[in-house]
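Undergrad: Listed below, chain by chain, are the residues.
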Amino acid sequence: MKRVALIDANSFYVSCETLFRPELKGKPAITLSNNDGCVIARNHEAKALGIKMGAPYFQLREFMQQEGVQVFSSNYGLYADISNRIMQTIQSQVSDIEVYSIDECWADLDGISGSLVEFGTALKAKVYRDVGIPVGMGMSTTKTLAKLAQWASKTWKGTRGVVDLTDPARQEKLLRIAPVGEVWGIGRKLGAHLALMNIETAWDLARYDHKSLRKLFSVNVERTARELAGEACFKLHEAPDLKQEIMKSCMFGHRVYSLDELRQATASYATVAGEKLRAQQSLCQQISVSVQTGQHEEPARRYYNAIDMKLSNPSDDTRLLIKAALAGLEHIFRPGYAYSKCAVRLTRLHQRGEFTLDLFAAPQDKGADKLGSVMDTINLRYGRQAIRSARLKPDPGWAMRRDMLSPGYTTRWDQLPGCR
Amino acid sequence: MSEAFRTPGLRQASLTNLPAKTKITGFASPAADYECHRLSLDEVTGLGAPHIWPWRLHSEALAGLSLHTNDTLIVNRQTELVEGRIAVVVLDNAHRVCLVQGKPGAFNLLTVDETGAVQPLEQTEQVEVWGVVDFVVRDLRAVRF
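Residue numbers (this note's numbering), protein chains in the order written: chain W, -12 to 407; chain P, 10 to 154.
Because the hints were derived from the structure by calculation, they are not lab data. Possibly wrong hints are sitting among the right ones.
As the list claims (entries may be wrong) - Quick partial rundown of chain P residues pointing at chain W, CB under 8 Å, derived from the structure:
1) P63
2) H67
3) A72
4) G93
5) I95
6) V106
As the list claims (entries may be wrong) - Examples of chain W residues toward chain P, derived with CB under 10 Å:
7) F7
8) R8
9) T76
10) K310
11) F347
By construction, the Cβ of each residue, glycine as well, lies at the ideal position given by its N, Cα and C atoms.
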């Protein structure tokens, strides 16, 4: 019988922030999204104050000051490093893992003998000891059941964050009380839809006619129901398809008025998108650029426009992507607006050798292939943007605002945690 | 004697970044079968492993043990704390470095100043061990003895 675990870190972003700040133990702390927009992580104490996920920071600023809530901007460099440490530690204890998100992974429990709860408790202790981050886990015979077990581990404190849901009798007991909206892949919206059909618990879904579910919803809902019934349908490493489009967009740290600053942002986003394109070894034949003002501007001051720029032959050459994106930007830029965001989207992606060349245009030359790979290698070796298009500034004014950014404790030699 | 398992291990990343072997067009090198990896401080300290964390020392609390301000401490969260080791501990909501004496469960946490005088760390609450210092890295380029 196959057994898998779903392991996730508790309040991951906030746990990373408090790892080097012992004075915050027992105090409310939250992390904000890009540009310090909304609450995206809360510790237990912040939840107890009623701070909701997704709440806009500007609405809560005063309340948080009164309550002494510690607020952090997103420190993605730190989170990525701590996440890698957690994954490495888990990987050293099991036969295989599949990283599901920055704070979650699936683990293959093949070869683990004895009590799973004991194993899980020991693994949880090891991750805490090595990395200092608390994790919880659910274990069962399918991914969907393991995810539900992990939900149970968070919901009932008595489980101490480890739930073994391999026993069919225990599975039935939990499925009968778990709301269908808590099932992995169902969510609130679909859950409400299912409730209209009297499918209110995970048990109801597992017992519903599977083929009807496929007809009424999708093959994935059918597979979810089968997984709840104990039939493994989602295997580890079921690789998602290659991305059909690559998008890079981000709100600016402050409003941008000049074409020159928009050019820098567009070139920067095209560069990042180009790196992602080469990482999946694709080429793109179309690059779309869009600009927009803030949503809360008065109607007369609102502006959005986008343009698709076609390349005669598919390419992954950053220089060509920047050139095309900037040409597009010239078309859609209108002076006088306060721009809040621009986006670059690469579409019509092809794999090498899977397209027909334009007879009348020169294909991407081999030198460009080599240049892209050399640039990527240098940036991997010496750090992001070690080598870059001259168009890009290393520290542009429009970059993401992160006023409450913590140090790069584990990623910068000049910002290491200190002791006295 | 085998060289295997004598250090915490080479980082996988450094192994994958090895330069491609130079092609020999004439006589095969008689040393080819004896080539070793280049020495790496990662290999010695274990830096890159999930439980190894570099810290910066901001005090002269252990000057008597030749640990000084701005030293980089390589802290291991897996190492068992025993008498005579140096630890980073959480004490009164601050990270402190100290020498550990005594037995597990009844450790004494000490500072050793530049004259060699030993002082106990004042503590008002339970101490949490953050990690044990395995190595010290010091930049001597700006130091004049």
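Undergrad: Which hints, by number, does the structure contradict?
TA: Of the numbered hints, 3, 4, 5, 10, 11 do not hold.
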